[in-house]
Amino acid sequence: MTYEAVIGIETHVELRTRSKMFCRCPVDFGAEPNTNVCPVCLGLPGALPVPNRQAIEWTIALGSALGATIATNSVFHRKNYFYADLPKNYQISQYDVPLCVGGHLDVDVDGTTARVGITRVHLEEDTGKSSHLGGDGRIHGADAVRIDFNRSGIPLMEVVSEPDIRSPEVARAYAQELQSIVIALGVSDARLEEGSMRFDANVSLRPQGAEALGTKVEVKNMNSMRSLQRALAYEIDRQTKLLDSGGSVAQETRHWDEANGRTDPGRSKEESSDYRYFQEPDLLPLEIPDEMIDGLVGALPELPTVRRGRLTELGVDPASAQTIVSGDLTGLLDDAVAAGADARAAGIWLAGEVIAHLNRHGGDATLLHLDGPGLAELCAMVAAAELSATAAKEVLAGVFAGEGSPRAVAEARDLMQVSDEAALGAVVEAVLAEHAEEVARLRDGEDRLVGFLVGKVMAASGGKADPALASELIRRFAAS
Amino acid sequence: MTDPADLTIADAGARLRAGELTAVDLLDAVRRRASMTEAILHAYLTIDHAGASEAAAEADAALARGEDRGPLHGIPVALKDNMVTRGVETTASSRILAGWVPPYDATVVQRLRAAGAVIYGKTNLDEFAMGSSTENSAYGTSRNPWDPDRVPGGSSGGSAAAVAVGSAFGALGSDTGGSIRQPAALCGVVGMKPTYGLVSRYGLIAFASSLDQIGPLGRTVEDAAMLFEAITGYDPFDATSSPGPVPAVRASLDGGVDGLRIGVLSELASEGVEPSVAAAFHDTLDRLGAAGATIEEVSLPTTKHALSAYYLIAPAECSANLARFDGVRYGPRIDGPNVEQMMAATRRDGFGPEVTRRILLGTYALSAGYYDAFYGQAQRVRTLVVREFAAAYERFDALVTPTSPTTAFPVGARADDPLAMYLSDVCTIPSNLSGDPAISVPVGLDESGLPIGFQVLGPALGDDTVFRVARTVESLVGFAARPALATSEGAV
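If you read the protein sequences in the order shown, they are chains H and A.
Heads up, the first sequence is in the working numbering, so the first residue is 38 and it goes up one at a time.
Heads up, the second sequence is in the working numbering, so the first residue is 43 and it goes up one at a time.
One or more hints might be untrue.
Pair by pair, the computed Cβ-Cβ distance ranges are [stated by the list, open to error]:
no.: 1; chain 1: A; residue 1: R437; chain 2: H; residue 2: D133; range: 55 to 65 Å
no.: 2; chain 1: H; residue 1: L337; chain 2: A; residue 2: E96; range: 22 to 32 Å
no.: 3; chain 1: H; residue 1: D145; chain 2: A; residue 2: G378; range: 18 to 28 Å
Non-contacting residues of chain A with respect to chain H, defined by C-beta distances greater than 12 Å in every case (computed) [claimed, not checked]:
no.: 4; residue: H91
no.: 5; residue: G239
no.: 6; residue: S251
no.: 7; residue: S252
no.: 8; residue: E359
no.: 9; residue: R366
no.: 10; residue: L487
no.: 11; residue: L503
no.: 12; residue: F521
FYI, nobody ran anything at the bench for these hints, they're computed from the structure.
C-beta: ideal position from N, C-alpha, C; glycine also.
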């Protein structure tokens with residue numbers, strides 16, 4: 038039988054506010070365990086929560102960016118469950134009156150636009166972080182548990198999608214788009230590998246065309262966009278095989294095992310169905326004045342869809358535009374264009390070498406040493422054939438290393454392209470002399486050997502040769 | 043000469059400033075009194091000898107420098123042991139916090155210190171403030187200084203007993219359903235619950251957050267007012283703290299009641315009230331009438347349901363508030379084969395029977411499927427209580443009831459009958475649900491020589507009215523009796 042997948046995604050985003058959700062402890066992801074803690078985030082007797090205004094504003098901002106309705110009177114609840122890394126054994130969260138309700142996100146996959154509805158965006162506090170020593174690394178069977186409460190109380194925004202997602206590809210596109218928006222708003226680092234953005238997916242199958250929903254499985258522990266897509270594909274396949282063989286899907290929580298490429302059933306605190314929610318009596322209802330909402334909406338930055346459209350209009354190809362916007366490099370592109378760069382060329386460098394460099398170095402764009410005028414200069418040098426593509430990559434590496442502007446690096450590293458016919462002619466002659474056999478075959482009509490010989494000339498010139506001129510000289514000398 | 047331990051805060055302050063006594067003298071007087079009475083009373087769980095000595099010496103030094111921190115300067119006071127004190131063990135009378143030394147001070151503690159008060163010790167209470175007799179303490183029952191075979195009331199029984207007997211000049215208690223006013227009535231002192239939000243709860247070990255309020259106990263209305271003014275005011279560390287101005291209660295103390303409209307809450311002033319309590323109550327009403335107040339009966343039908351609503355809301359909140367006591371981060375731990383069983387064993391061992399009963403009740407009341415029938419319904423009753431009181435305060439400046447339907451009952455008499463014990467709070471609970479201020483002032487003794495309390499309720503932020511009516515009652519009645527344990531001969 039053919040099945041349709043029904044997928045909903047819950048996304049948790051840790052906000053990078055200066056202090057925690059309900060106390061004044063700093064939010065600092067790199068700190069020594071249990072150094073950023075106080076009576077409030079440790080849940081000591083007598084301690085009381087005081088809400089973080091910035092976190093509330095940022096949640097409203099994200100809600101607005103998704104087209105949600107903002108609740109002018111919102112309420113915090115206690116979600117009760119016992120867990121060693123939950124200091125109060127309840128989590129302050131939102132239940133029936135979240136800050137933001139509704140909205141949607143449009144994503145393009147293979148030229149088709151899919152609209153994913155947003156159920157709600159709410160605010161809660163994060164838990165501490167447990168590490169289980171011994172056993173199989175899970176809480177049951179472990180010899181000891183160590184808990185770091187630095188994460189306890191960090192503001193956590195939860196974005197819940199409608200079950201509108203029909204494929205792992207759309208799921209991934211949705212997750213990436215949400216990440217781009219969060220980054221554009223500047224409210225979180227949104228780094229999956231560091232856990233500052235986390236996904237849980239609910240997956241069920243139903244016969245194509247059916248209305249009723251199948252049994253839902255919650256999949257957790259996916260820590261990259263790729264693993265999200267893979268986990269969902271695996272889970273759909275697993276459920277399809279189960280159903281096809283006459284079996285039934287059990288309602289459960291499963292964990293994605295990246296190494297083995299499969300989901301495994303996991304015992305989890307989230308299986309408990311009764312959290313005994315009730316209104317948090319230590320906090321008053323949250324009153325959000327209309328002026329506050331208007332102010333936040335008015336101050337929203339340019340959102341990813343708008344950015345991509347604008348970059349494409351500037352001449353950047355759509356794939357590069359996507360990468361630049363997700364990588365938060367729009368500002369750099371705008372600066373380069375303002376400094377006279379060709380948008381398309383600048384876009385290719387940003388979406389290629391620059392992103393690759395950032396990915397290798399933890400994504401901190403402030404460490405690039407590359408500014409808009411620098412990028413414009415690089416583009417101009419390539420366009421003027423002062424740099425070969427190969428040399429330009431090396432120049433960029435020098436810029437990233439802080440060696441100076443592209444021209445300064447090119448000159449210091451002696452990478453300026455040799456376009457001088459006399460100088461290059463000498464190199465070509467030497468190469469041809471060394472490869473007499475290939476030259477003879479070229480003369481016999483084996484034309485592809487031009488490419489081989491150009492490569493040798495490039496190597497002999499240390500990458501500085503102008504390949505077009507080299508090719509022309511090789512043909513000319515070989516013919517003579 | 044009077045033993046300094048028998049002075050009011052106002053008198054002690056006057057002698058201190060006149061140079062007749064020092065803060066160290068006052069502390070010594072309190073120490074002598076405690077050494078005579080504690081073996082019987084057991085009002086204190088912890089006495090901070092070193093901290094108190096240092097604070098008293100510092101208070102004297104400051105006064106010598108001309109630095110006067112106000113009416114509490116140099117005055118030894120006691121704190122109910124559910125308020126956290128940096129460096130001094132705080133247990134809330136529970137085994138689950140045995141030996142716990144907090145790393146921080148509650149806001150009220152900071153404010154008392156700033157006001158120059160000398161914190162003498164931490165007083166006994168019903169475990170986590172759950173009870174009306176102080177018999178639920180894991181560290182032994184406190185006794186009533188008027189008759190040691192009787193309870194001092196609760197849950198702030200230790201604070202009330204200490205103030206009554208003179209082993210503290212004043213004290214702080216917490217009041218979730220009457221826990222300041224009922225023991226004040228049973229021990230013959232003044233106890234006041236301020237408007238919810240006027241006193242920060244930061245550092246108060248929570249029982250039921252929406253009902254808990256810290257308040258003063260003193261031997262006179264004026265003493266209680268001095269403590270009130272020292273601890274009230276906005277606190278950014280408590281999100282329910284009220285940002286507005288605090289009523290100036292001391293300034294209006296002597297305003298009298300002429301022209302005030304006082305309503306007698308008929309539902310709480312008749313049924314189940316002991317004859318001696320009723321007699322003292324009506325005698326006081328007559329005096330208030332003679333002093334110019336208009337006295338009229340008023341019926342607030344929903345108050346009959348307040349007790350039931352309270353015994354769902356308070357346990358529900360406590361079930362969450364007490365979930366943090368799990369053996370993971372502080373307090374004693376009973377080991378188990380895994381985390382869950384460790385927590386279960388720690389909690390089973392650490393909580394006493396009354397606390398366990400309320401946690402179970404609250405957990406049940408919040409459970410899926412029962413929420414609407416119990417907790418939800420109780421919240422609706424609470425809303426009605428709030429509305430009824432608000433409507434009554436359109437017509438009346440204050441409402442009055444007996445504080446407790448009975449005088450102090452014998453130790454053990456209600457210990458095995460939770461429902462009888464819960465009825466001790468029938469008169470005090472409604473104002474916790476409404477969040478309004480209320481005070482208990484002593485108005486006489488019954489035939490056994492046990493004190494009787496008179497309760498004055500007022501509208502939100504009407505704390506000044508409540509104090510003013512109480513002060514008038516105090517002067518009209520002229521209650522001056524002292525408990526046997528505190529006679530100047532030192533009966534013990």
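How the hints compare with the structure:
For the pair R437 of chain A and D133 of chain H, the supplied restraint of 55 to 65 Å is violated, since their beta-carbon distance comes to about 37 Å. At about 56 Å, the CB distance of L337 of chain H to E96 of chain A disagrees with the hint of 22 to 32 Å. A hinted range of 18 to 28 Å is violated for the C-beta pair D145 of chain H and G378 of chain A, which are about 53 Å apart. Every beta carbon of chain H lies more than 12 Å from that of H91 of chain A, the smallest distance being close to 24 Å; the non-interface claim holds.
Look at G239 of chain A: its CB is around 9 Å from the nearest CB on chain H, not clear of 12 Å, so calling it non-interface is violated. Residue-level check failed: S251 of chain A sits 4 Å from the nearest beta carbon of chain H, not beyond 12 Å. A beta-carbon of chain H is positioned within 12 Å of the beta-carbon of S252 of chain A; the least distance is around 4 Å. The claim that E359 of chain A is not at the interface with chain H is violated, since a C-beta of that chain comes within 12 Å of its own (minimum 6 Å).
Against chain H, the non-interface label of R366 of chain A is violated: not every CB pair exceeds 12 Å, the least being about 5 Å. With 12 Å as the threshold on Cβ separation, the claim that L487 of chain A sits away from chain H holds: the shortest Cβ distance comes to roughly 37 Å. With a minimum CB-CB distance of about 16 Å to chain H, L503 of chain A clears the 12 Å threshold, and the non-interface call stands. Against chain H, the non-interface label of F521 of chain A holds: every CB pair exceeds 12 Å, the least being about 35 Å.
The structure does not agree with the numbered hints 1, 2, 3, 5, 6, 7, 8, 9 stated previously, though it agrees with the rest.
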